[in-house]
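S.K.: What follows is each chain in one-letter form.
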Amino acid sequence: MQSSPGPEAPTRGNWGPLVTRKSVMRSGLAALLVAPFAASSLAAGRGQEPGDADTESSDRAEGRGATDEEIVLGVSAAFSGPSRGLGTELYRGAMAYFNNVNENGGIEGRRVSLKLYDDGYQPDPCVQNTMRLMLEDEVFLLFGYVGTPTVTRVLPILKKFQDEKIFLFFPFTGAQPQREPPYGDFAFNLRASYNQETAGLVDNLVQIGRRRIAVFYQIDAYGRSGWAGVRAALDKHGERLAGEATYSRGEKFTGSMRKQVEILQGVSPDAVICIGAYAACAAFARDAVDLGLDVPIANLSFVGSENLLKLLTEGQDDAERYTRQLINSQVVPSYEDTSIPAVQEYRDLMARYDPQVPADLVQEEYAPFPHSFGSLEGFLNAKLMGEILRRLGPNPGRAGLEEAVFSIEDFDLGISERVSFGPDRRQGLQSVYHTVVEDGRFVPLDDWGARFG
Amino acid sequence: MRIRRLFKWTRFGIFAVFGLIVLSTSILCIYTVDTELSAEYEVNTQNIAKTIADSSAGILLNQNLATLQSLVDQFLEVQGIRYIYITSETGEFLAHTFVPGIPEEILESEHSNTAPVERSLPGMGDFIEVGSPILAGVAGTVHVGMDLDVVALKIQRAIGQQVYLISVMLVLGVLASIWFVNLAAKPLGELLAYAVELAKDGEKDELGERELLTRDDEVGHLARLFLHVSRQGAGRGLPTSVSGTE
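Protein sequence lines correspond, in order, to chains A and B. Letter by letter, the first sequence follows residues 1 to 453 of the working numbering. Letter by letter, the second sequence follows residues 1 to 246 of the working numbering.
Because the hints were derived from the structure by calculation, they are not lab data. Hints should not be assumed to be uniformly reliable.
[As the list claims (entries may be wrong)] Derived pair list, reagent style DSS-like, types lysine-lysine, alpha-carbon separation capped at 27 Å: (1) K310/A - K252/A; (2) K186/B - K200/B; (3) K159/A - K50/B; (4) K160/A - K50/B; (5) K186/B - K8/B; (6) K259/A - K310/A.
Produce the complete structure using the sequences and hints provided.
M.R.: Spelled out as C-alpha cells, the structure:
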C-alpha cells in the first residue's frame, strides 16, 4: 500500500510533500490565524446561505477523501527527531494491515491510502499539516497522529471545522483532552488512557509498599497529562507526589539528566514514574542508576519500550544493571504471545510486508524493530479502522462515520478484550499491561511483590 | 595667512554647545526609553498573565491540566517570557514551565501575591514576575516571569540606536560649523596678509589692483580703507574705488 501522490511537490514521489520544520514553524501561527477565514471562504466559495448551513455542511462532508478508487486517511506523525521511532513503528503496524486489505481488493473495492506528513513531534508543524490535510488534500479522516502536545493543538481545529465532519481516529496518546469535553466529540480512541496507565502503576506500587512516588516528566501537555494521572491516583490512596523533575521535549539520550536525578534523590522516593519519550527516559534511567537512585522506574506506553531498551543496552557490558528496575506499562498485549489471534495475524503480516517509512520522509537513520508494542498498536488501530470503513457500506461519507463507529459493539479485534463504542464511550480498549525486562526483552510482570517488594 | 586665534573660542563654543546638547539629549533619551520600555514590558507581561488567567478558568474547573499546560506552553513562545506557573488556591503547582524543576525561591514564595516582584533565580537569571488571579483568586493564580536581561538588551538596543543617531548629527554639525567658520576666516586671512604687504611696500602700484579691493563686503571695505590710509600716509591721492568706504 502506498499513499497518494503529493500534487504540490511531484519530485517528492508518491508520498506527498515533505514539510520542512522551518517553513512549518513560520507558517504555523499563520495557519491558526487564517483558520476562521478559511472556513468562511469555504462556505462563501460555494455560495452558501445562512439558512442552508446544515444541508450544505452535510453535503460537503459527504464524498470528501473517498473516490471510487480509494479512501485517503491523513496522518501527521513524528518521522524525524528524537521521537521518530514512535511514528515509524505505529505507521509500520498500520501499513502491514492496510497492505493486506488492499492486496485483497480493498474495502468495497477501494484502496486505503495514507497521506503522510512529518511533524517531528512538534505542535506547530502538526497544526500546519492538519490544515493542509483538511483543506488541500481533503482527506476522508485523520488517523494515527502521534503525541499529546501535537494532538491537543489540533483538537480546536477539529472543533472549528466540525461541520466538515472530520474526525481524528486512534491517536497515539492517552491524554484526556481528546477524551473529554469540549473536544471529546471529535476524536475516537482505541488505547487506554494515561489516567488508566498511571492508576495501574500507582495502585500496584502502593500495594507493595512503595508509597512515596515521584514523577519525572516532559514539560508539556503529555507530561502534564501523566503528572495529573499520577497525582489523582495517589490522591485515592491518601498520598501526594513525593517530588517532581522535568525535561524539555526533544531531549536526546546523549543529554544529561543528572540534575533531575539529584532533585528526585532529594525527596527519597520509593519509585519514580516517567512520563516522557524513549530518549529522555532512557537518559534518566541511565543517570539514575549511575547516581545510585536504586528504585523502580516506571514508564508509560508512549515511551516506546523497544527503543528505550535498545538505548539502555546497546554497547553496555552490564546492561542488566540499567534495566532491572524498569517497569513499562503497555496498552496492547505482548507481541510475543502468539496464542493471541491478533498477535499471530500481526506477526504474519509484518513478516510478509515489512512496511517501511517512505524514503522522502526519512531524514535520520532509524532501524525499525521486527515487532514492537508501537507497531502492534498501529496494526490494531488499522484493523479497527478497516472494520469501521467496511461498515460505511458502498457509498462511504464522512456524515456516516459516527454512526459506523457507534455500531461497533463487542467487536472481536483478536485480543482478549472486546471493543465497544457509543456516544458516551469514545475509547475502545480499557486494559493496561505491565512488563519488565528479562533476558533483554519485555515480558509480562505477574508478581509485583516478588520483583519490587 | 590663516586665522587661528580669532575663532579659537568660537570653535570651542560650538563643541561645547553641541556636546551639551548631545549629552542632555542622550540622558533624556536613556531615561525616557528605559522608563517607557520597562513599563511597557511590565504591562505586556501583566496582560499576558491576565489573558492566561481568563483563559484558564474554564480549563481549571474541568481539571483539564494537559490543556492548561498546552496553553501555558504557547505563551512561553512570546519573546522575553521565560517562565509561567499556575498555582491553585491552595498553592499547589498545577502547570509550569520550569526545567529541571521548580526553583526553591518560587516554591517558597507567596503564590497569591500578584504585585510585580523582581526575582534572581540561580542558573536562570534575573526576572520581573507579575501575577494575575484566576476567578478573583478563588481558582488560583497565574504568574509570568519576564527575563530582565532580554528587556535590558531591548532597551540598550533602542537607546544605542538613538545615541548613535544623535552622535552622527553631532559630528556632522561640528564639521559643518568648522567649515562655515573657515569660510568666514579665509577672506580675513587674505586681508591680514594684504595689510602686512601694505605695511611693507605700500607704494607698489600692483597693491592697488588686487581682487580683494573689488569685494563688496566688509573685507573689501577694510582692504580699500587700508590701501587709502597707506597711500594717504605716503602723500598720494585716493583711488576712486575707495570712495565707497566713506
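S.K.: State for each hint whether it applies.
M.R.: Each hint tested on the structure:
| no. | hint | verdict |
| --- | --- | --- |
| 1 | K310/A - K252/A | 14 Å, holds |
| 2 | K186/B - K200/B | 21 Å, holds |
| 3 | K159/A - K50/B | 25 Å, holds |
| 4 | K160/A - K50/B | 25 Å, holds |
| 5 | K186/B - K8/B | 14 Å, holds |
| 6 | K259/A - K310/A | 23 Å, holds |
Comparing the model with each earlier hint shows no violations; every hint is respected.
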